[in-house]
Amino acid sequence: MPNQLQHPSLFLAWSEAPWDEAVTGYPVWQISHVSLSGPDADAAMVTFEATRDYAGVGLVSCRLQHDRLRESMFLESHGFRFIEMVYQPELALAGTVLVEDIQILPVRPAREGDLPALLDIAGTAFRNERFHMDPRLGDQLSRARYQNWVRTSLDHPSQRLLVMTEGEAPVAFFVTEILPDKFCYWHLNAVAPAFQGQGYGLRAWRSMILYAASAGLQGVRTSIAARNERVLNLYARLGFRFHAPQMTFHWIREATS
1 MPNQLQHPSL FLAWSEAPWD EAVTGYPVWQ ISHVSLSGPD ADAAMVTFEA
51 TRDYAGVGLV SCRLQHDRLR ESMFLESHGF RFIEMVYQPE LALAGTVLVE
101 DIQILPVRPA REGDLPALLD IAGTAFRNER FHMDPRLGDQ LSRARYQNWV
151 RTSLDHPSQR LLVMTEGEAP VAFFVTEILP DKFCYWHLNA VAPAFQGQGY
201 GLRAWRSMIL YAASAGLQGV RTSIAARNER VLNLYARLGF RFHAPQMTFH
251 WIREATS
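Numbering follows full-length UniProt numbering, in which position 227 of the sequence shown is assigned residue number 227; successive positions increment by one, without gaps.
Don't read these hints as lab results, they were simulated from the structure.
The beta-carbon is built from N, C-alpha and C at its ideal position, and this holds for glycine as well.
Some clues are possibly wrong.
Claimed, not checked - Pairwise CB distance ranges (calculated):
#1 R81 / G123: 40 to 50 Å
#2 S214 / G25: 38 to 48 Å
#3 S15 / D42: 17 to 27 Å
#4 D42 / P106: 30 to 40 Å
#5 G123 / A43: 42 to 52 Å
#6 S214 / A55: 39 to 49 Å
#7 F82 / A169: 34 to 44 Å
#8 Q6 / A226: 24 to 34 Å
#9 R108 / N233: 21 to 31 Å
#10 G216 / Q6: 19 to 29 Å
#11 A43 / T124: 44 to 54 Å
#12 A43 / A169: 57 to 67 Å
#13 G216 / G56: 41 to 51 Å
#14 Q198 / S9: 48 to 58 Å
Work out the full structure: start from the sequences and follow the hints.
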């Protein structure tokens, strides 16, 4: 149940992000909804800020639709900073023809023994993601965040860590989750550095689409930073459609930067 601030001029909803707190060492919140409806929004925001400060929160994130400029300016006036624009590609699998060929890589659940190699991949990937792009957070914290995500997904109640191999070598991994509407959400994905630039990205993504279709799922969704042009082009090539982009903002307590 998200926390809420209801005021005639401002509505906020937010929740804790314990997975990030485990890495940062301080509470992290994420705002899921913000709407302005009156002239006293700034005064109402003081209540949220007091609650945030009392809880010792060091990082607050918020994602808004790209056209919510009034709300984005409001957040920026309260110390939030624009970090990225993200797209959420989606591919419906209805009518997908399941044709296997030599380009398909075997997909299987990751095992404990895979973790060292997968954590190495996670430590070098995700340079376009928001934690890496925010210069106040630093590369060490950013690497730890994505490595911890991969590590915890091995035994997560709803997320799955899947790996693709060429022989015994891990080529790529995906952290996935089946949503209530039977779409598969790709939370994280990365190709091992040794296999980059050789067409393995296309093979891995095609293999994961086939894997989802074979499981009877309705489709695939994911999220990607607009600056990641190479992978955006890959999604376009694979037939994904793109919804309107969203803006991501961070507020960071100065003492934690």
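*Violated hints, by number in ascending order, as checked against the structure*: Of the numbered hints, 1, 4, 10 do not hold.
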